[in-house]
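Colleague: Residues per chain are reported as follows:
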Amino acid sequence: MKNKINRRSFIKTGALFGVTSIIAAPTILDAAGTPDVAVVQGTDSFASTLKAVRKIGGMKRFVKKKSKVVVLANVQRSNPGAYTHPDIVRAVIRMCREAGAAKIHFLSSLPETNWESTGLKKVLGEEEAELIILGNEKDLYRPIAVEKGVALKEARIMRAFYDYDVFINMPITKDHAGNKFTGSLKNLMGINWPMNNRTFHKPNWATDPDAIQYLDQCIADLNTVIRPDLCIVDATEIIITNGPFGPGEILTPRKVIAGTDRVAMDAYCCTLWGLDPKQIHTIVLAHKHGIGEIDPKKVNIKEFKA
Amino acid sequence: MTLCARVLILCSVCIAGLDAAEIYGILPASTAVTPWALSGQPQTAHGEDLYLLINGGAELVIEYGFQQAMLAEYGHPDGGRVNIEIYEMDDSESAYGLYSLKKGRLSTPWPVGQEGALDDYYLNVWKGSFVITLTGLDQRNETRAGLKLLAAAVSAKIPSSGVLPGLLEKLVPLFVEKPSIALIKGPLGASNRSSFPVYPFLAPATGVILKFPDGEMMIVECSAAKSEDEIHKNLSAAVARRKDLSWQTNRDSSMILQDRSGKLFSMIFKPPIFYFSSGETALKKLDIIRRALEGSN
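Protein sequences appear in the order of chains A and B. All the letters of the first sequence, read from the start, carry residue numbers 1 to 306 under this note's numbering. All the letters of the second sequence, read from the start, carry residue numbers 307 to 603 under this note's numbering.
Excised from the complex, chain A in its bound form:
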């Protein structure tokens, strides 16, 4: 990782000193012409993924030799347009392997059934990546103070997550019943304790006018203590109604998006089905936290054909 000598040791040290906020502005590559966010469109999702990562500097920029890589994919449900496509996952594993990764692990709190029915377990097996499914026991999740948290004061992140050097976030972008949109920012709830995720909803959420914005604030807050080294977003076939579980109306942008700026990537993705990023609270609040850039004019987003 170019911008972090050793994230694991940094976090351990930080925890010792009571420092848990590891947020920093996204790294902007100094190489001329390299985009902050690469968008590749094509019918071959595997090829699109390879190209998108290559366009932002290649996997070796993020994965050093012998590093341990953890990947967070979305395996919500095998309904079409509701989970990260297996071809995209396969491409990422291969790129990590080629970059010299010693371990490539996928962490999940969702049952194996989800990994089987989405076809992702088969891909992981074929590509020799390991799937680690954690239970819901509290001890498996480490309490992390959210110092910059406006609503969320304590997160509980999978303890196993801190055993890795590189974190690759692999959401599928889609509709969400509560937030109207989900992508890179919201996907991080996948490494937080499911019981802690429940506290993202106010106790009186059914009658409190600010309840939905509270959820958005919690997601933005969570993003202040976890920073993916790389985000690769599936926007190939996505549901734009009845999300995040589906089934719903399907849109097929056939795009794979790679980058490090979660806010910019989410701001781009929501426009795929006509949403205004400035109306999506999670994106606005994450931008306010300094997590990334909401204004597309300030981000070098480049589109390519596969």
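Any given hint might turn out to be false.
In the EDC-like style, the derived pairs of lysine to aspartate or glutamate whose C-alpha atoms are separated by at most 20 Å in a straight line are [said to hold, decoys possible]:
#1 B/591 to B/421
#2 A/138 to B/354
#3 B/454 to A/249
It is worth saying that the hints were derived from the structure and are not from the lab.
Chain A is fixed; fit chain B onto it per the hints.
Modeller: Chain B only, in chain A's frame:
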């Protein structure tokens, strides 16, 4: 006892007010849906455990009044796959509400359960206090046929039925061209379907959202505890935070707003009913709807 054996035995059990184990009995036996067969082990959730089964979006189902759910997959020998989700809700109104939100905007009515809605690759069914969602996971013709076969088999296992919520019974006959109608029982459903965030100030309340090509109408039956003054004050404060809106009229019972594009939004509160309308079609229909609802109050 194997799961399949358990399913087969429970399939013969009469289902009425299901307990936790009996929801398995709704799954059709393979003999009833040949050549489709249950694939893998179904997953179930009760009450707030739904958060563990549906990791994201569970709160919307809970908002409608949730009891228990089961997810299962059926497979065809030629490779077709269908996901089945069965939700048992608090009552038939809750079930209809969830069904109305889940069905697609362009769905085709399908004769199954008390009401069925067929979309490109999925089918939603409402029957009594149950909502059934079936999703085809591939484009095969047999999978689409399987959706209908499995839906009918599941529906036949549910003996209870329910009535259409009162608001809808009064509204549906008023339209020749049926608009997309969703029943709402909480802020998530409302925010999911409405472009204007007025519902949270009226909650807890049941309402409907009618979508037209040029706008929408929300009709909410408020609780007696909501006073006209309180609603007016809260809405005025909410509008004041929106820089894109300006007042045309702001009186206690009638408020008209305009956005930057000139689009008009009307809010009328005739206790206990609150009306929000946007777009020409909704505004034109408002008087007829008010007569139908207020005339019968």
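Colleague: Would the pair residue 454 of chain B and residue 249 of chain A pass a check requiring their Cα atoms to be no farther apart than 20 Å?
Modeller: holds, 19 Å
Colleague: Within 20 Å, alpha carbon to alpha carbon, are residue 138 of chain A and residue 354 of chain B?
Modeller: holds, 17 Å
Colleague: When you check the alpha-carbon spacing of residue 591 of chain B and residue 421 of chain B, does it fall within 20 Å?
Modeller: violated, 25 Å
When held up to the earlier numbered hints, the structure conflicts with hint 1 and nothing else.
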